[in-house]
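J.: Each chain, letter by letter, is given below.
Protein chains: 2
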Amino acid sequence: MATLGDIGVSAAINILSAFIFLLAFAFLRLQPFNDRVYFPKWYLRNLRTDPTTSGTFVSKFVNLDFRSYIRFLNWMPDALKMPEPALIEHAGLDSAVYLRIYLLGLKIFVPIALLAWSILVPVNWTNSTLEDATKVSNVTASNIDKLSISNIPTGSQRFWSHILMAYAFTFWTCYVLMKEYETVALMRLQFLASEKRRPDQFTVLVRNVPSDPDESTSELVEHFFLVNHPDHYLTHQVVYDANKLDKLVKKKKKLQNWLVYYQNKYTRKSSQRPFMKTGFLGLWGKKVDAIDHHESEVEKLSKEIAVERERITNNPKSIMPAAFVSFKTRWGAAVCAQTQQSKNPTIWLTEWAPEPRDVYWPNLAIPYVSLTVRRLIVAVAFFFLTFFFMIPIAFVQSLATIEGIEKAAPFLKSVIEMSFIKSVIQGFLPGIALKLFLIFLPAILMFMSKFEGFNSLSSLERRSASRYYLFNFVNVFLGSIIAGSAFEQLDTFIHQSASEIPKTIGVAIPMRATFFITYIMVDGWAGIAGEILMLKPLIMYHLKNFFLVKTEKDREEAMDPGSLGFNTGEPRIQFYFLLGLVYATVTPIILPFIIIFFGLAYVVFRHQIINVYNQDYESAAAFWPDVHGRVISALVISQVLLMGLMSTKEAAQSTPFLIALPILTIWFSRFCKGRYEAAFVIYPLQEAMMKDTLERAKEPNLNLKGYLQNTYLHPVFKASEDEEDDEINDDKWENESVIVPTKRQSRRNTPAASKISGASSPPSLPEAVQELPQP
Amino acid sequence: MATLGDIGVSAAINILSAFIFLLAFAFLRLQPFNDRVYFPKWYLRNLRTDPTTSGTFVSKFVNLDFRSYIRFLNWMPDALKMPEPALIEHAGLDSAVYLRIYLLGLKIFVPIALLAWSILVPVNWTNSTLEDATKVSNVTASNIDKLSISNIPTGSQRFWSHILMAYAFTFWTCYVLMKEYETVALMRLQFLASEKRRPDQFTVLVRNVPSDPDESTSELVEHFFLVNHPDHYLTHQVVYDANKLDKLVKKKKKLQNWLVYYQNKYTRKSSQRPFMKTGFLGLWGKKVDAIDHHESEVEKLSKEIAVERERITNNPKSIMPAAFVSFKTRWGAAVCAQTQQSKNPTIWLTEWAPEPRDVYWPNLAIPYVSLTVRRLIVAVAFFFLTFFFMIPIAFVQSLATIEGIEKAAPFLKSVIEMSFIKSVIQGFLPGIALKLFLIFLPAILMFMSKFEGFNSLSSLERRSASRYYLFNFVNVFLGSIIAGSAFEQLDTFIHQSASEIPKTIGVAIPMRATFFITYIMVDGWAGIAGEILMLKPLIMYHLKNFFLVKTEKDREEAMDPGSLGFNTGEPRIQFYFLLGLVYATVTPIILPFIIIFFGLAYVVFRHQIINVYNQDYESAAAFWPDVHGRVISALVISQVLLMGLMSTKEAAQSTPFLIALPILTIWFSRFCKGRYEAAFVIYPLQEAMMKDTLERAKEPNLNLKGYLQNTYLHPVFKASEDEEDDEINDDKWENESVIVPTKRQSRRNTPAASKISGASSPPSLPEAVQELPQP
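These protein sequence lines map, in sequence, to chains U and W. Residue numbers for the first sequence follow the working numbering, so the first one is 1 and each next one is one higher. Residue numbers for the second sequence follow the working numbering, so the first one is 1 and each next one is one higher.
Please keep in mind that the hints were generated in silico from the structure rather than gathered at the bench. As the structure is a prediction and not an experimental result, all values here were calculated from the model. Each residue gets a CB set at the ideal place from its N, CA and C atoms; glycine is no exception. Keep in mind that the hints are not guaranteed to be accurate.
[To be verified] Here are some, though not all, of the chain U residues that point toward chain W, as calculated from beta-carbon distances under 10 Å:
1. THR183
2. ALA185
3. GLU219
4. LEU220
5. TRP331
6. CYS336
7. THR339
8. ARG375
9. VAL380
10. ALA381
11. PHE382
12. LEU385
13. PHE387
14. ILE494
15. TRP667
16. ARG670
[To be verified] No more than 25 Å apart at the CA atoms, straight line, and that leaves these computed lysine to aspartate or glutamate pairs for DMTMM-like:
17. W:LYS705 - W:GLU695
18. U:LYS286 - U:GLU304
19. W:LYS691 - U:ASP212
20. U:LYS705 - W:ASP241
21. W:LYS450 - W:ASP241
22. W:LYS343 - U:GLU531
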């Protein structure tokens, strides 16, 4: 058990490293040549231009104004200065509400910490149980344990103060949660109401369109909605299976990057044409002129793309059984999205269309039965991932020993017998296997969500986040409290009685407090401070800038602002809520550490959101019910564990008082669900009607059909349009909008995507990740 | 443990009593003066007239045609003869589908029984474990146990046959369940589609109308729906708080019954005017002329009713914050019922209006917050009712001892010291307390559901049924398997490990087989045969007929056909499903007894539905998802218990094979839920649009507003209308329908109920239970 001194050393190290990170950041961000790494958001919004365009050559790269170094922590007040409405305007509601999670942490834990320190700490301190125990049996107890519940003798009446505090903490947490839910719901509704016209307000995603021998999908969709929503149906866009085309376009993009790289190389050293080998990784094969080779390859791909595009638009089989149906009014769309269309509840499934940026295209065609089977498979897979993930890792680790490698690859024997390499393998490889798994975990969870068939990025991230939280809970929280793998825990729990499980965990909780304090300092303090440095984007930007960038546009593409990463970030915050709530009554000394985490992270992420991150989509805070639900579950967990701990302390008469807490909390969560959740799921008709009426009054001659025409087009089609035929398309819109939408014959052979020319000029994907060529 | 002989005796007794019941029924139903008791359905449908109107005096009361007695079991083929479509036409879909539950039992258990008897019984029989045990330790094993799983030695490979059978039974049950779900869903949709125009197709129930200082509820509702459903809103009816009026009307009805009784008495013995005392139960007080007294009382009440009616219609406070809103089309109503109206999800709650007969009026005004609190209270109360119901009963039982009574009422001492009375008290009273509780249990559960705030009779019955099933499961099923009260079980389970609980129950299951066989014979054979006798209605009818009946109409009201009683009947059937599925692999000898129950009950209830029961409402089989879900849960319970039993038999390697079963079953249930449940909850737009279009084509000039005008009126208003001003109302309808519904001013002061005259003539409640005067 760590003493106060140990904690102090650990704190010093972590504070120092956090301080170094912040200092490095303060230095790096002032250098003009890093400007696009630390302020990409402003470039994307066209509110900032390169500082490199004026001044001397040196000042293009290095900031020589020494006064600016003195105020190196200035970014902190700057980050806090921007008021919330401006922040919403600047970065979207998702980001603004994400920051409120940190604020929620502060709001919950600052009063709890004050109360706990003024009541529980004195109550715990003024006992001598641990001192007595130390005298009797040589057990060393640290000062930290003297402040915790362990210092109170079994059967003491002092436990009533803990029970009372558990009630106070629960009520305070619920109160703050409810207030916050209310505020966020209001913010969301205001955001939706104040929003400008958006295509997803008028559009519904229809899935599982049945197949019909006589009609094409497009005709069928039009028929169906003309019949069943006659006064409201406006137009629709079918969904093409463009996954192959997407792959080709991405490949072409990569080749073009290489071409640019070789061209740059040639211009720099104009004497020498660059050569390359055609084989694997350029290591062997025929030696060819790199520029010519890439030009011909790009040419070939362009033709392939043209053929593929032709195939998609002409082949009815490439149309997926899904469509985006648009309505004349928001009211019509709201009605269609919320109602069931067909007798058979597995066809003609309607739901709100996600924002166009938010659509996850590959999943749109999954049929109903397949969806339920996928859900079962993923549920079972996730169960095994959570409880048995140590088994394959242990297997890899056993392979990664000296003997394992020697057996698998005898020819390497002489190399690995060298003592240096031997020690590296023995000391390093087993750890790496686990670390690699944990690095890939978010990707694995995201893959599961994708396999499960969600059709918007936001829902994919939300589902991954909840899985990540569960994994963390089982493997980090329970795994740290009870030593042993998750599978061993599971085995223990199955063979233990229902009342025994909370006891087993509850008893171990006070003993692990120092471990979690260290964890908070490493992950929550130094980790967050490291976040702001943005090391990976910094390096990537400079590499790209050096090898690839020719034009201003290229430089813009070289910026990689990243986004908040809800699927990993939110579960991480939730883990601190869990720690805080569990330890609030048991070892309140942990609370200040958590409060510092919330405060620091709030400032850092506010800065990042204002200056760096660029969200891929805007879901208008649709994730809040998840956040709320997880805090509630942390609360219930803390109450059950406290019950377990209390019953071992022979304060058994406390159980009836404590059992009411989880019941009330669960009831509170259901109450909140009924009261507020609808605001995050449904678009009320009153709201829709109001916006429709307003719009009709303000813009009576709006050409809505033109506005909606091509919004839900696979980005691979859109990208090419952006480049080549912007004007042609505008013309087409106007021609199209003359046609009365209900005359079916006139539109029979002009489904949305046929308007895309099959030209072969290079498309560009603004949001696609650019591949860095390997030199 | 009972031997085959004991079971045989029990079977003989029960078969005999069942036979006597059937014989008595066959005799009684042939007597003309019982005709209205055994064939009320036909009278209600006006398809049968009194057989008493012709023939000699004696043949009015007694059937003298001896040939008819010979064919005394003829009603059985008669009951089976009516084809299902005719049955639906005759008795409604609810009843027809209710019968299918018994058929479902036959479909599931007949093949399972055949399979179990041809495979499991030989496998079990050809062991000698029990015989050996008997020889060694004087344990007596009956022949029944030799047929059960107990006869197989621990660790035997023969258990694989049981595991295999568990799979076969699960797949067969799931297959039958799915087919049945599909059939019932189809039947429901066909029923709804073929249905004639019904007011609930056009109407939506709006709850939690917010209060407004400037407008009345009626105006507010009209405004809101004119704005938010402008093309579809037709009219609305506000809901009056008529609970007090209802009470007055019922009281008057009762007094009128007394009046009739005294008048009849007077006509019979015309010499003597009947007198009565005004005090409690007519035991003391002033002696008055009974007829005069009742006439004046009725007169007084009539005036009170008139005043109350006036008060309701003129006082805005008696309008509840709820309304029935009707739409021009089914499409409009379907849209409104399925969508959210307001930003605040706790006001303007819309749902399908129940059928007018089905509305439970007192609950319409409960606000949202109150609803959630009530739900919590009822959940906690039900938990205590289930697990602690023995405590108050034990208390009453302790009072009901000799000493308890002597302490409470010392003056009775001399009476109860008499040996006969003493033995009655000691032997009888404790049992009566429990019996009384069990008799009142359905009423208690129904009260809970009412308190919880459901607003239709059908949903009240469904909720009560699921509570009753749970209560039965805990107290009858678990209570019989593990001796001890439910509270003791709960205590054991909390202190036992999760894997230990199924073992504890699983081990006890084979030992209780004989008990459940006896239970099935008493409750399922003799009980069902007793059902058909209808003793209570028979006695009540003849008493009423003698004392009250003057006119043909009175005689009609004296019939009490009753209804199916879903809230008690369905859980009872489900208990047999549970027994059958649990014992199918363990003691297959129980299966034939269950099959006989299902067969007998099917015939009996088919007869009752055709000839007797008169349903209060028609929910179009909305209960089927509940039935399906409970069979699924019985299946899962049976699988878990089998796992527990197997693991004690040292067939531990079976666990991985068995654990897949509940997972697959639960997944199957979720699949079915997604696939079929919507048909029971939602009215698809396609369907609505089709019916609307058809109707417009067939009846272009339909006066829908007139049709819907007064359908959703509290029955207490309706009853009075039926009697006095039918014609006036018809006139009013036609006048009303001329007014264009969207002109608000013209209708401002004519809310629906103001058309009801405040006249004081005696109202009659056709469905109200008539109180029998106490002589």
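J.: Would you mind marking each hint as holding or not holding in the structure?
T.: Against the structure, the hints:
About 14 Å separates the beta-carbon of THR183 of chain U from the nearest beta-carbon of chain W, more than 10 Å, and the hint is not met. Proximity of ALA185 of chain U to chain W holds as hinted, the smallest CB-CB distance being about 9 Å (cut-off 10 Å). Nearest Cβ of chain W to the Cβ of GLU219 of chain U: about 17 Å, over the 10 Å cut. The hint is violated. With a least beta-carbon distance of about 13 Å to chain W, the hint placing LEU220 of chain U at the interface is violated under the 10 Å criterion.
The beta carbon of TRP331 of chain U is positioned within 10 Å of a beta carbon in chain W (closest approach about 8 Å), and the interface hint is therefore held. Among the interface hints, the one on CYS336 of chain U holds; its C-beta lies about 8 Å from the nearest C-beta in chain W, closer than the 10 Å criterion. Given hint, THR339 of chain U at the interface with chain W, holds; its Cβ is 4 Å from that chain's nearest Cβ, closer than 10 Å. Given hint, ARG375 of chain U at the interface with chain W, holds; its Cβ is 8 Å from that chain's nearest Cβ, closer than 10 Å.
A hinted interface residue such as VAL380 of chain U counts as satisfied when its beta carbon comes closer than 10 Å to some beta carbon of chain W; here the least separation is about 7 Å, so the hint holds. A cut of 10 Å between beta carbons decides the hint on ALA381 of chain U: the least distance to chain W is about 13 Å, and the hint is violated. Evaluation of the PHE382 of chain U hint against chain W yields a violated restraint, the C-beta minimum of about 13 Å exceeding 10 Å. Contact between LEU385 of chain U and chain W, as hinted, is not supported at the beta carbon level, the nearest pair being about 16 Å apart and thus beyond 10 Å.
Taking 10 Å as the C-beta cut-off, the interface hint given for PHE387 of chain U is violated, the closest approach to chain W being about 14 Å. For ILE494 of chain U, the shortest C-beta to C-beta distance to chain W is roughly 5 Å, which falls under 10 Å, so the interface hint holds. The criterion of a C-beta within 10 Å of any C-beta in chain W is met by TRP667 of chain U, whose closest approach is roughly 5 Å, and the hint holds. For ARG670 of chain U, the interface hint holds, since its Cβ comes within 10 Å of a Cβ in chain W; the closest pair sits about 7 Å apart.
Under the criterion of a C-alpha separation no larger than 25 Å, the hint pairing LYS705 of chain W with GLU695 of chain W is consistent with the structure, at around 15 Å. With a CA separation close to 24 Å, the supplied pair LYS286 of chain U and GLU304 of chain U stays within the 25 Å bound. Only pairs whose Cα atoms come within 25 Å are accepted, and LYS691 of chain W paired with ASP212 of chain U is accepted, the gap being roughly 23 Å. About 50 Å separates the Cα atoms of LYS705 of chain U and ASP241 of chain W, which puts this hinted pair outside 25 Å; it is violated.
Restraint check for LYS450 of chain W and ASP241 of chain W: the C-alpha separation of about 16 Å stays at or below 25 Å, so the hint holds. Our distance criterion of 25 Å between C-alpha atoms is broken by LYS343 of chain W and GLU531 of chain U, whose separation comes to about 39 Å.
Checked against the numbered hints above, the structure violates hints 1, 3, 4, 10, 11, 12, 13, 20, 22; every other hint is satisfied.
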